[in-house]
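Visitor: Chains as they are written, first to last, in full-length UniProt numbering: chain A, 1 to 483; chain B, 1 to 483; chain C, 1 to 483; chain D, 1 to 483.
Certain hints may be false.
For chains that are exact copies, the list does not tell them apart, and a pair is met inside one copy or across any two.
As a list, the in silico EDC-like pairs of lysine to aspartate or glutamate whose alpha-carbon atoms are at most 16 angstroms apart [stated by the list, open to error]:
1) Lys-79 - Asp-357
2) Lys-476 - Asp-96
3) Lys-414 - Asp-243
4) Lys-82 - Asp-53
5) Lys-59 - Asp-83
6) Lys-456 - Asp-407
7) Lys-478 - Asp-422
8) Lys-136 - Glu-25
9) Lys-402 - Glu-25
10) Lys-135 - Glu-65
11) Lys-355 - Glu-378
12) Lys-414 - Glu-378
13) Lys-174 - Asp-243
14) Lys-472 - Glu-319
15) Lys-135 - Asp-177
16) Lys-82 - Glu-143
17) Lys-476 - Asp-53
18) Lys-478 - Asp-96
19) Lys-81 - Glu-143
No wet-lab data here; the hints were simulated from the structure.
There are 4 protein chains.
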Amino acid sequence: MPFKTGEQYRERLDRLQHNVWFRGEPVTGNITEHLAFRGLVSFQASLYDMQNDKAYQEKLTFTSEATGDLVGLSFLQPKTKKDLAKRREMMRLWADYHHGFLGRSPDYMNTSIMAFYSASDLLSELDPQYSDNLKKYFEYCREHDITLSHAFIQPQASRYVNINDGVEENLAAKVVDQNKDGIVVTGAFLMATQGVTAEEIFVFPPVSTLLPETDSPYTFVFAVPNNLPGLKFICRESLVQGDSAFDFPLSSKYEEMDTLVIFDQVLVPWDRVFLYGHEDLAHRFVIESGFHAHVSHQLLCKNIAKTEFLLGTIEYMVETSGMSNYPHVREKIAEIIVGLETLKSMLIAAEMNAKIDKFGSMVPSKNTILAANVLYPELYPRIIEIIQLLGGSSLVMIPSEKDFESDIAPYLNKYLKGMQSDAKEKVKLFRLAWEISAGSFGGRETLYERFFFGNKSSITSRLYEGYMGREKYIQKVKHFLQG
Amino acid sequence: MPFKTGEQYRERLDRLQHNVWFRGEPVTGNITEHLAFRGLVSFQASLYDMQNDKAYQEKLTFTSEATGDLVGLSFLQPKTKKDLAKRREMMRLWADYHHGFLGRSPDYMNTSIMAFYSASDLLSELDPQYSDNLKKYFEYCREHDITLSHAFIQPQASRYVNINDGVEENLAAKVVDQNKDGIVVTGAFLMATQGVTAEEIFVFPPVSTLLPETDSPYTFVFAVPNNLPGLKFICRESLVQGDSAFDFPLSSKYEEMDTLVIFDQVLVPWDRVFLYGHEDLAHRFVIESGFHAHVSHQLLCKNIAKTEFLLGTIEYMVETSGMSNYPHVREKIAEIIVGLETLKSMLIAAEMNAKIDKFGSMVPSKNTILAANVLYPELYPRIIEIIQLLGGSSLVMIPSEKDFESDIAPYLNKYLKGMQSDAKEKVKLFRLAWEISAGSFGGRETLYERFFFGNKSSITSRLYEGYMGREKYIQKVKHFLQG
Amino acid sequence: MPFKTGEQYRERLDRLQHNVWFRGEPVTGNITEHLAFRGLVSFQASLYDMQNDKAYQEKLTFTSEATGDLVGLSFLQPKTKKDLAKRREMMRLWADYHHGFLGRSPDYMNTSIMAFYSASDLLSELDPQYSDNLKKYFEYCREHDITLSHAFIQPQASRYVNINDGVEENLAAKVVDQNKDGIVVTGAFLMATQGVTAEEIFVFPPVSTLLPETDSPYTFVFAVPNNLPGLKFICRESLVQGDSAFDFPLSSKYEEMDTLVIFDQVLVPWDRVFLYGHEDLAHRFVIESGFHAHVSHQLLCKNIAKTEFLLGTIEYMVETSGMSNYPHVREKIAEIIVGLETLKSMLIAAEMNAKIDKFGSMVPSKNTILAANVLYPELYPRIIEIIQLLGGSSLVMIPSEKDFESDIAPYLNKYLKGMQSDAKEKVKLFRLAWEISAGSFGGRETLYERFFFGNKSSITSRLYEGYMGREKYIQKVKHFLQG
Amino acid sequence: MPFKTGEQYRERLDRLQHNVWFRGEPVTGNITEHLAFRGLVSFQASLYDMQNDKAYQEKLTFTSEATGDLVGLSFLQPKTKKDLAKRREMMRLWADYHHGFLGRSPDYMNTSIMAFYSASDLLSELDPQYSDNLKKYFEYCREHDITLSHAFIQPQASRYVNINDGVEENLAAKVVDQNKDGIVVTGAFLMATQGVTAEEIFVFPPVSTLLPETDSPYTFVFAVPNNLPGLKFICRESLVQGDSAFDFPLSSKYEEMDTLVIFDQVLVPWDRVFLYGHEDLAHRFVIESGFHAHVSHQLLCKNIAKTEFLLGTIEYMVETSGMSNYPHVREKIAEIIVGLETLKSMLIAAEMNAKIDKFGSMVPSKNTILAANVLYPELYPRIIEIIQLLGGSSLVMIPSEKDFESDIAPYLNKYLKGMQSDAKEKVKLFRLAWEISAGSFGGRETLYERFFFGNKSSITSRLYEGYMGREKYIQKVKHFLQG
């Protein structure tokens with residue numbers, strides 16, 4: 001069976017009937033029709049449809065060796081630099097289509113699971129069955145184009161589980177029982193983005209917070225369908241305020257709902273368990289799989305598309321307002337250009353300096369690509385700040401689509417026109433700028449980018465610890481001083 | 001007639017029947033009942049009611065010499081440092097009540113018009129009638145506790161009026177005719193905050209953008225009731241999403257609607273015209289009245305209250321999450337403490353170094369108080385950033401009041417509790433933090449604080465140009481170098 | 001015996017014959033004539049002479065109750081706000097004279113020892129003799145106008161003494177013996193600023209690094225004359241490059257040598273021991289004495305004088321180069337003005353909010369004054385950066401005094417003149433700007449200001465931990481949320 | 001004649017007998033023996049010697065088509081990406097040897113003149129003789145391995161020449177006469193770095209400051225030997241304080257003297273004049289030659305080498321002090337790593353996206369390489385700040401080489417040792433860190449890096465104006481909004 005179309009995506013979602021809670025009520029109707037989800041689902045369906053579009057198919061799919069079917073290219077395990085380039089082209093295509101606003105476009109999780117799959121042999125150290133389970137699950141996802149979400153952050157009060165055992169022990173998700181059919185898991189995860197709009201959920205442990213132990217009920221890697229009994233998805237407030245693309249150009253399309261995922265005595269079947277109980281191996285599994293490098297490759301493609309879109313938005317605002325000759329405007333735009341050129345250069349360099357790992361995967365250079373991860377959580381909020389600084393009060397005083405259809409429209413047309421644009425075009429642009437830089441959709445985006453791969457301490461430590469070259473540079477200085 | 005009560009405020013608003021447009025429709029019902037305005041109106045009514053509350057009355061009012069009535073203390077022209085202290089106590093009382101979230105609490109415009117009134121003699125240079133008009137209007141406002149909004153920013157495409165006369169001339173607001181009854185004004189103003197929820201509007205020119213001319217149809221100072229024929233208020237999108245104080249702790253109370261004000265052949269009666277046609281005098285009037293210093297005194301009180309509230313919010317978050325021992329947390333909070341202590345010290349110093357001006361007003365030290373204006377547009381966004389950095393993903397995954405009343409509540413109670421608080425309390429706190437730091441109400445607040453008194457170039461020039469002491473410091477260095 | 005004159009200062013220094021090492025050689029001649037020290041000594045002598053100058057004497061001295069003599073006002077224990085104001089006037093007078101470039105002008109240590117003296121009763125908890133010793137020593141210093149340095153930072157490799165006892169134990173300064181005459185101390189201290197140009201040295205423990213113990217050989221407070229046997233002062237590189245005030249306007253006057261102080265079996269007489277062995281009391285002694293608040297009061301006076309001088313330098317540069325109309329120049333200067341106004345406001349507020357402590361001292365408000373300590377280590381380097389940014393390459397290409405006396409002078413006079421100054425005046429100014437912002441004297445100043453009161457973590461923790469008001473602000477938010 | 005050796009470099013310098021002024025005296029002896037120059041000359045000689053070293057020769061030279069001799073590779077006009085790679089390898093080799101501390105290593109000017117040479121045909125528009133002169137001069141430089149300096153900044157008071165003609169006219173360098181032998185130039189240039197230690201000087205106009213005119217005595221491009229009559233080099237203060245590599249590890253080797261160059265009626269022979277009088281062409285010549293891109297390629301190589309060295313220095317300090325586990329330390333080092341990875345990625349990307357220009361040169365991507373130029377003036381000072389923050393007071397208290405040879409040495413050995421190094425090694429390292437981050441050599445370096453390619457406004461405008469892609473990004477947004 002080949003890649004999925006948009007229509008199939010919608011059908012499977014509605015058929016799923018998973019347990020979703022929204023504003024204190026269980027969602028009973030179709031996910032694809034609910035105001036909070038329909039915009040995103042429609043948009044995501046069009047991503048899947050691109051795979052079926054002759055204009056894009058060659059770049060978006062490859063022929064599965066297992067079945068001869070065309071499958072999504074983000075499932076491809078890269079073994080050469082050319083594979084990396086193919087993956088990048090695929091990911092840029094989708095990212096350019098969603099302009100980087102989907103943090104969880106399907107290639108993200110496809111890449112994650114590909115990374116884990118490529119390291120599945122490592123699991124044999126614990127039990128060959130685990131390795132086998134993961135390989136089969138990966139093939140299942142690839143051949144059925146499964147839409148996945150994932151979960152790994154535990155509720156905050158439980159992150160000190162090893163420090164305050166007494167207090168927190170009952171909060172952290174853990175295996176409360178196991179039997180011949182599988183392990184029984186109880187607990188909660190913050191926050192499965194697109195949990196509602198995916199088919200299955202992949203769960204793996206946070207690498208950095210737990211102490212190495214050989215046997216822990218808190219350590220597991222598994223995947224389950226979203227409609228398994230005992231599984232509940234609790235939505236946060238929806239940021240969708242309407243379907244109008246004029247009034248809500250971003251949230252009407254790109255609002256990826258975050259969910260609190262509850263596991264209440266969920267039985268995870270053994271064939272869906274990929275690792276259980278061995279913290280040290282779980283840790284090595286995440287690190288050695290090249291997970292961070294592979295996923296950061298996808299992330300970098302997304303961030304470049306997003307930065308291009310934001311730069312375009314700002315340049316358009318500047319054009320509309322005739323501000324391009326002010327030195328302070330140029331300095332601010334130059335900052336964004338420097339950021340964009342940095343990201344693009346890093347993408348090139350990460351591929352050029354890629355290395356084959358012990359599993360045969362061609363892994364983008366960690367030195368470079370993890371540096372990009374440190375950069376973006378500060379670059380993105382700065383771009384947002386620049387939009388605010390250049391937009392000023394014009395961002396605030398923006399009427400709606402209906403105003404332009406009313407008797408009051410002539411006044412708007414007269415008084416809100418730009419230097420080089422009519423009022424409606426200008427207002428449309430500034431509504432976009434508002435949503436990015438001051439609306440609640442934009443607020444969530446900023447938080448999301450700040451913490452995508454952890455807080456500053458985590459991402460800098462990840463870069464610092466794995467950094468290749470340190471010793472060479474120290475030797476340079478020692479040699480200089482001896483010399 | 002004395003100060004106004006909340007009830008009187010509501011009655012007058014509903015009686016006004018001014019021309020208000022909201023989402024493409026004229027507002028026909030009562031302002032005080034409309035979802036977009038009712039929260040703010042109720043809250044503001046309670047501010048007026050405080051004047052009638054024995055616990056506060058002495059601090060909030062003074063006896064009018066004209067009538068013997070108690071009138072609002074923010075109308076008091078300060079003539080001594082003690083008067084300044086009284087004014088400060090009054091303004092802190094209201095600011096502490098609205099926690100600094102009202103940028104246009106009534107004392108703001110009361111203070112503005114008091115500043116202009118105190119310099120009314122200057123207008124006699126042009127025509128003694130203007131001076132007289134302003135004095136009478138001020139007394140009218142003070143004795144009737146009139147709620148004012150104001151307007152002075154012109155639509156952006158028209159700010160180059162003197163540069164591109166041909167293109168823009170028909171955009172800038174101007175006097176299109178005059179007759180025995182008054183001047184006829186056509187044009188638009190961005191953006192009268194609280195235009196809808198005020199009784200009258202005060203219009204004065206932007207000081208910095210126009211070239212000195214002695215006779216200009218673009219230069220005028222006047223005030224009119226909001227329901228004058230030809231006057232229209234067009235609302236931006238409302239940021240009120242509901243009445244629930246749990247879900248929307250800030251926007252349900254403090255959302256001050258901004259409006260585009262249209263003057264379409266509005267006849268402004270002569271007795272409401274305070275200056276017309278003389279740019280140079282208009283400029284001197286704004287500068288020499290001490291307007292910026294007096295209003296900044298009010299502003300500083302507001303900003304201190306807001307900063308205290310934000311610091312409390314952050315400390316509460318830190319308490320709830322048990323993070324107070326991390327050095328990076330302490331460093332971030334220390335930044336806010338330094339900011340708060342700075343504002344408080346400046347308030348003290350500005351009063352202590354106040355000077356009597358030529359009109360007999362005791363004016364807070366400009367050196368200090370205009371420095372505070374430069375500081376806050378950078379301090380406020382940094383505080384917001386710190387909330388984001390300390391809140392992290394906990395800011396995103398916040399359920400609503402209804403979730404806590406539903407069958408799903410037990411899960412929330414279990415998994416979302418804090419280190420020292422139950423889940424509901426913690427979620428309530430984090431909804432507040434969300435609204436400030438990532439929701440659209442907060443987005444507008446950030447824009448508002450960034451540009452309250454103009455862009456960076458304007459506010460730094462205002463400080464730079466009026467700075468006393470420059471020559472002394474240069475002499476110090478010259479003296480040192482001479483040896 | 002009353003305050004000291006400059007001449008007495010010089011005589012006592014030369015008579016001292018302490019063991020000073022400079023560039024691998026013991027200094028054998030007079031300190032007051034050595035290139036590395038003579039500039040500073042002459043300048044400091046003039047500070048002492050001001051006490052004898054009728055124009056300043058009233059502000060710089062007060063009548064000792066013990067002797068009826070006039071003694072230095074920085075020895076005055078403040079008991080009223082008026083005392084604080086007197087102290088401030090005294091400290092500003094000296095600071096304005098040295099333009100804030102002396103980090104260790106004598107009032108600094110006079111204030112330190114006054115703070116400790118005022119809390120001497122606390123030492124009676126351990127032994128009344130300690131309290132008595134400190135009182136007598138303080139009186140001795142006050143009545144003889146003793147010039148003190150102090151030492152408390154231990155060499156870096158030993159700061160983990162409690163962690164790596166095995167490795168470091170022999171590095172930390174400690175009492176190696178005690179007998180009827182006193183305690184015998186061996187160890188080293190980084191870095192006694194002005195160690196060479198002081199008469200005595202006061203030693204107290206670093207508050208933050210040691211664990212509470214009741215009996216530790218590492219804990220002591222004492223003072224000794226600089227020429228005690230076994231005491232050695234090792235100088236760092238001198239930053240004095242010549243006596244020319246044209247070429248080296250700052251280093252020729254203000255270079256305060258830092259020294260590594262070696263205690264090699266130094267016998268400290270019992271009457272000079274103020275505390276020994278009790279870590280917890282040592283900790284309380286430093287905290288409860290108000291040491292940080294009193295010393296920060298002096299520091300703030302110094303920092304204001306320095307900031308005024310730097311602002312004057314920059315405004316002079318701007319005047320000379322005709323740059324005052326560029327918005328980016330104004331923004332940068334406005335930053336410094338905001339900083340200066342902040343410091344000045346904090347000085348006023350810290351005195352106005354001062355409180356009497358349990359020892360009867362009037363202590364400046366810690367909330368405010370410790371905030372100023374957090375501010376300056378970031379403000380100062382930013383000012384230096386602004387000098388670099390505004391000075392640009394003009395800072396680099398600066399000839400020397402001799403060039404202006406040579407045949408090449410006409411070219412300099414022609415080509416290096418400023419917009420409003422001749423070449424020699426401009427070069428003189430830019431040599432000053434160079435020394436502050438790029439020369440080695442300035443480099444040491446920047447390091448000094450960054451770390452004056454500890455690293456960022458220490459100074460923010462000091463502010464955070466003692467901050468009054470936290471609970472009130474949290475309550476505000478709780479009250480708001482309850483509704 | 002082939003490339004030059006170190007010995008030849010020294011010989012030619014001493015033979016030159018150019019007019020050099022140092023501290024008010026003409027330099028009469030050999031440049032190569034003067035304390036202010038000998039360190040740099042020796043070091044630079046060793047760069048030339050590398051060309052004669054079989055280990056490096058292949059990478060540092062190529063065979064001249066004109067003579068069949070081996071000549072310096074930085075003279076190679078790149079026509080393919082492979083040529084760019086060769087040039088980069090050459091430039092990295094030298095940069096790694098001088099660790100980026102030579103801003104004017106010979107490849108810098110070789111690259112500049114190569115860029116101009118490659119566009120020499122453009123000069124034919126004015127006069128074919130100019131084009132011919134430049135070609136011949138370039139060949140002369142290449143075949144004789146001439147060491148060049150250059151000058152283009154005019155004294156600051158003259159930069160407004162077109163605005164304030166009356167005042168400044170006599171200050172700006174200009175052609176005061178012309179005759180059959182050449183043009184006669186009078187004026188001054190700030191600041192020819194390595195003017196003293198070069199053989200010839202290349203002069204071209206500042207691109208950005210002059211108004212387009214077709215005939216201007218202020219516009220010229222020419223080159224002359226340093227010993228032409230009427231040419232004088234006035235040195236700034238020397239930053240060399242001694243020859244000891246222990247005490248002054250950087251300034252003893254890398255101090256590149258800056259000079260004020262005086263032209264007093266200098267006759268420039270016609271065959272050395274490449275352009276005269278035509279401002280518009282001069283402007284196009286600099287822009288269209290790809291000068292900025294080619295030189296930035298060299299600059300980027302230098303900046304990478306420098307950043308690697310600084311990173312090594314910091315990591316070595318961290319190793320020595322055992323600080324690598326502190327989060328704030330890791331965050332700071334991660335910042336530098338991100339900066340380094342950015343520069344390295346940009347170097348790769350600039351070559352990969354290089355394009356052939358109309359003169360047949362392969363030009364590195366301006367989008368990327370001019371972005372690197374905007375980045376470094378902020379990255380470098382931040383690295384310096386990090387050295388200060390991590391070094392703290394340990395940077396200040398550093399003894400000298402002689403101290404370690406004296407009787408006081410045992411104390412130093414005991415008390416100044418590091419966690420993993422002996423005292424002498426640690427002090428050596430910290431003297432290096434001092435010189436970079438606080439000494440006057442480092443101060444000049446910071447100024448140099450901040451302004452290498454102009455102030456912020458210039459370098460951001462250069463990037464902004466030439467940025468390719470702007471329209472594409474705006475179209476993206478327009479398409480999205482229409483969509």
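Visitor: I want to check one pair: Lys-355 and Glu-378. Are their C-alpha atoms no more than 16 angstroms apart within a copy, between two copies, both, or neither?
Guide: neither (28 angstroms within a copy, 32 angstroms between copies)
Visitor: Checking an output row: Lys-414 and Asp-243, CA cutoff 16 angstroms. Within, between, both or neither?
Guide: neither (27 angstroms within a copy, 35 angstroms between copies)
Visitor: Should Lys-402 paired with Glu-25 be assigned to within, between, both, or neither, using CA atoms and 16 angstroms as the limit?
Guide: Between copies, since 8 angstroms is at most 16 angstroms while 31 angstroms is not.
Visitor: Classify it for me, Lys-476 with Asp-53: is the Cα-Cα distance of at most 16 angstroms met within a copy, between copies, both or neither?
Guide: neither (54 angstroms within a copy, 21 angstroms between copies)
Visitor: Is the C-alpha distance from Lys-82 to Asp-53 at most 16 angstroms within one copy, between copies, in both cases, or in neither?
Guide: Classified as neither: same-chain Cα gap 23 angstroms, cross-chain 39 angstroms, threshold 16 angstroms.
Visitor: Treating 16 angstroms as the Cα threshold, decide for Lys-82 and Glu-143: within, between, both or neither.
Guide: neither (23 angstroms within a copy, 43 angstroms between copies)
Visitor: Within, between, both or neither: how does the pair Lys-59, Asp-83 come out at a Cα-Cα threshold of 16 angstroms?
Guide: For Lys-59 and Asp-83, the Cα distance is within 16 angstroms only inside one copy (12 angstroms; across copies 33 angstroms).
Visitor: Pop the pair Lys-414 and Glu-378 into one bin, within, between, both or neither, using alpha-carbon distances up to 16 angstroms.
Guide: Answer is neither: 39 angstroms inside a copy and 34 angstroms across each miss the 16 angstroms cutoff.
Visitor: How do Lys-79 and Asp-357 come out at 16 angstroms by Cα distance, when the copy is not named: within, between, both, or neither?
Guide: The answer is within: 9 angstroms in one copy meets 16 angstroms, while 36 angstroms across copies does not.
Visitor: Using 16 angstroms as the alpha carbon limit, work out where Lys-478 and Asp-96 are close: within a copy, between copies, both or neither.
Guide: Between copies only: 14 angstroms across chains, 47 angstroms inside a chain, cut-off 16 angstroms.
Visitor: Is it within, between, both, or neither for Lys-174 and Asp-243, if the alpha carbons may be no more than 16 angstroms apart?
Guide: neither (40 angstroms within a copy, 39 angstroms between copies)
Visitor: First find the shortest C-alpha distance between Lys-456 and Asp-407 inside one copy, then the shortest across copies, and answer within, between, both or neither for a cut-off of 16 angstroms.
Guide: neither (51 angstroms within a copy, 37 angstroms between copies)
In this structure, the earlier hints numbered 3, 4, 6, 8, 11, 12, 13, 15, 16, 17 and 19 are contradicted, and the remaining ones agree with it.
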